[in-house]
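> Protein chains in written order, with my numbering: chain B, 1 to 301; chain W, 1 to 242; chain H, 1 to 365.
The hints are simulated quantities; they were obtained by calculation from the structure and are not laboratory data. Wrong hints could be hidden among the right ones.
Result set (DSS-like, lysine-lysine): computed pairs, CA atoms no more than 27 Å apart in a straight line [stated by the list, open to error]:
no.	chain 1	residue 1	chain 2	residue 2
1	H	Lys196	B	Lys148
2	B	Lys246	W	Lys239
3	W	Lys239	B	Lys114
4	H	Lys210	B	Lys67
5	H	Lys359	B	Lys70
Residues of chain W clear of chain B, computed beta-carbon distances all greater than 12 Å [what the hints assert, rightly or not]:
no.	residue
6	Lys51
7	Leu95
8	Glu117
9	Glu202
10	Pro221
11	Phe237
All of these numbers come straight from a predicted model, not from anything done at the bench. All C-beta atoms in this analysis are idealised placements derived from N, C-alpha and C, irrespective of residue type, glycine included.
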Amino acid sequence: MIEVEGISKTYGKVLALDDIHFNTKKGELFGLIGPDGAGKTSLFRILTSLLLPDKGRASVAGFDVVKDYKKIRSIIGYMPGRFSLYPDLSVEENLQFFAKVFKTSIEENYHLIKDIYQMLEPFKKRPAGKLSGGMKQKLALSCALIHKPEVLFLDEPTTGVDAVSRKEFWEMLAKLKEQGISILVSTPYMDEAAMCERIALIQNGRIMDINTPFGITQAFPDELFSVSSDNIIHLVKDLREYQELKTAYTFGSNIHITFKNLPDITTLQTYLEKSGHSNIKIIPENAGIEDCFMNLMQNQA
Amino acid sequence: MNDKQIAIKSENLVKKFGNFVANDHLTFEVAQGEIFGFLGANGAGKTTAIKILCGISKPTSGNIRVAGFDVYTENEKIKKNIGYMSQRFSLYEELSIWENLRFYGGIYGLSAKTIRERSEAVLKRLGLEDQRNAHVRSLPLGWKQKLAFSVAILHRPGIVFLDEPTGGVDPITRRQFWDLIYEAAADGITVFVTTHYMDEAEYCQRVSIMVDGRIVALDKPTALKNTYSCKSMEEVFLKLAR
Amino acid sequence: MEAFIKKEFFHIFRDVRSMMILFGMPIVQLLVFGFAISTELNNAGIAIYDQSRDPMSKQLVQKIVSSGYFELQQVFSTNAEIEAGFKSGKIKAAIVIGKDFEKHFIQQDGAQIQIIADASDPNTASIISNYLQGITRAFQAEKLPNLKLPVEIKTESRLLYNPEMRSVFMFVPGTIAIILMLVSAMMTSISIAREKETGTMEILLASPLKPWQIILGKVTPYVILSFINAMTIVVVAWLVFEMPIKGSFLLLMGEAILFIVMSLTLGILISTVSPTQQVAMLLSMFALMLPTILLSGFIFPIENMPVVLQGISNIMPSRWFIIIMKSIMVKGSGFMYVWKETLIILGMTVFFGILSIKKFKIRLS
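Bound-form chain B, shown alone (with noise of 0.2 Å):
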């Protein structure tokens, strides 16, 4: 569905993309994982024909970015990192101002966007900028979604959202996935990334990785462990110090680590013993997509 080949773009000395590849298939969720800052928002821009790239070629449905940019226009529901709507317009005449926009009507679709703006409808005299942060969301989404586009483009949709609301998006996004809409879609949590059918790990511009998340984890090179005790803070100094560690990242109220060399956990126990420390357990962790993210990240580097 969308296909980018070589595409690099810099601001002036900045490098945002550099030589980015990869394809996505006919309705499926692909997530763009990465920080702020990683250029993702560049690349969407790019994908959804307003930022021409200084290198490579890419398109979308078939037709070029640069060429067919009119035709990307009107296939495409796009909606930007940050809360793009009117603020003094009411949440239904926000939507039935796309609905025209995109020459359609707000009945035309509304099975598309029936789960989604239900939510919304309590709300719909309210102005779109006196919203909480989830309902914007909710009513942004909708109104990229009111033209039954073939794709979706969702940069960052989830950033600064809370947690809960985060997760009603994820399962918002696997609806839309089952009616037949190819999703993009970036995000700074890797947690995320499960969600994905599959997913490119971006960061300073380049693709570090590009699979399914379970490829993805299942490509982690060391044996992971998840270490923890009853006082994390000391722990972690004391982890940092242990010479035979590789790294050493808090995971919540573990610590995941790595050797480098060959694991040796008894070593290790009476080290954090010697060091005071009380109810250790040192135990074989799945590595997730942050570990993955972070190790890409320090190969990178």
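Since the structure of chain B is already known, use the hints to place chains W and H on it.
Then chains W and H, alone, in the frame of chain B:
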């Protein structure tokens, strides 16, 4: 925590906007040097409460003291004794790192000598010594946030309020940011932090969870997980906030 | 398109600031102006130099003084006193009644009245001389009712300090030009810049809307509102200043619409280079408002400007619009007399229109 000094004491904090109750009888205490997680869904009333605690807005009712000062009458003193940093509030992009440090030090009335010493220490800690004259604009987001935090505690406030400080920051830098938080707390600075990353909630000594203007849970992360028999804070949050 | 226009009206009517600029400011500007003039006139100090001192001239003086518009400050007995009286600042006008007034008046062979006004304050001066002329004319009609020829008394106006007669009729067209320019150009540029600020421009660009559709949708409401404004101003000007409309009202409104459209294209042009509302507002202020006020002949007569500035004033659209309005309103000229100026504004409209559509980016920069 009774044996420790109390940094924030809030008794029945109420804030109403017309008929709408944004904060409904919030009662909690935060000890000096504690890392306190202030969680809640969007629109639950977190920002309103933080504004009151920072002395920027006045509560409708309630007895609230921050750093020992009353929020109704001594808000100017409160402002001198706290640091504040949010995802949006940041540094002056067109000023250099050094100029930002000097400017904020000046705002809080630090002497030139103190500013110089502490700024050097910050640059050294963050490994930015070579880039002291670089414009803040040119820094990656993660670095900006770490610098913004260091600036917020440059005047050694008793309490620092952090409003979603790590939003959009990459996973490694995010963890480095929390190292800074721990160091500040070890120096006795109280850290009052909001976040949407639920793994970060686990790093707090205690967390409160707000739903519709009320605090529905307040305890250590481990205790909360036990109470609600959940494996992670994320589950606890989803259970309570949904 | 219709949805776009509707949406634009919602923005305008819901934003207090827009409503203030649109409707509050023009009326306030005009009223401040009108108020200033009416107070001055009620207290205008005058002096009289009656060279005849006969019963008829005394009656005329009596009539002028009792009219209520003037306050008799001084009575002169030599010409030299006139100059000194003006320099003291107490008097705004002096009336000199010629020798043997009664004799000439009855014989109808050229009784002379000279009105000298301080034209460093051109509004007041021109209004005073208009009033005085009116009073002498009424006096004449009263005394000699059977006369057919109206110009019996030769009233001769001489304006001191500002020999060019700068009347209130200059100010009203100038104010109209400024208000239309401000409302049209500033409001469109701000409203387009606002779409960039809120990020909605990004969505509009990524939609099938074409640039001209976006522009037309943004501009149409302002054409309508500015037009309503133009009519209001003309009506208020007519009521407050008795500004005449001697020529065709339709022609006047047609020219106003042309000027409005021209201002809107300028507004769009400004918005294409302004990333934020503030930049748009500042640019409108400095690139449009100040030159309009200073160089269009509104305040400073073009003939008195240095040659370079005279040249620059040629590219000020409002200069030509003011000429057109003066011709139609004061002189009652038809289209035949203003087609050149109209053509110039039309040319500017086309030029700025094409330029702004060209500059309106179909992508983000």
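> Each hint: holds or not?
Now for the hints, and whether the structure bears them out:
1. Our distance criterion of 27 Å between C-alpha atoms is met by Lys196 of chain H and Lys148 of chain B, whose separation comes to about 25 Å.
2. A C-alpha spacing of about 36 Å is found between Lys246 of chain B and Lys239 of chain W, which places the hinted pair above 27 Å, so the restraint is violated.
3. Distance restraint check for Lys239 of chain W and Lys114 of chain B: the Cα-Cα separation of roughly 26 Å lies within the 27 Å cut-off, and the hinted pair is therefore satisfied.
4. For the suggested pair Lys210 of chain H and Lys67 of chain B, the alpha carbons sit about 15 Å apart, so the restraint of at most 27 Å is met.
5. For the hint pairing Lys359 of chain H with Lys70 of chain B, the CA-to-CA distance comes to about 18 Å; that is within 27 Å, so the pair holds.
6. Remark: the non-interface label on Lys51 of chain W is consistent with the geometry, its nearest Cβ contact in chain B lying 17 Å away (cut-off 12 Å).
7. Listed as outside the interface, Leu95 of chain W is consistent with that label: its C-beta sits roughly 19 Å from the nearest C-beta of chain B, beyond the 12 Å cut-off.
8. The beta carbon of Glu117 of chain W is kept farther than 12 Å from every beta carbon of chain B, the shortest such distance being approximately 25 Å.
9. With a cut of 12 Å on Cβ distances, Glu202 of chain W falls inside the contact zone with chain B, its closest approach being about 4 Å.
10. With a cut of 12 Å on Cβ distances, Pro221 of chain W falls inside the contact zone with chain B, its closest approach being about 7 Å.
11. Its beta-carbon lying about 5 Å from the closest one in chain B, Phe237 of chain W breaks the requirement of being farther than 12 Å from that chain.
When held up to the earlier numbered hints, the structure conflicts with 2, 9, 10 and 11 and fits the remainder.
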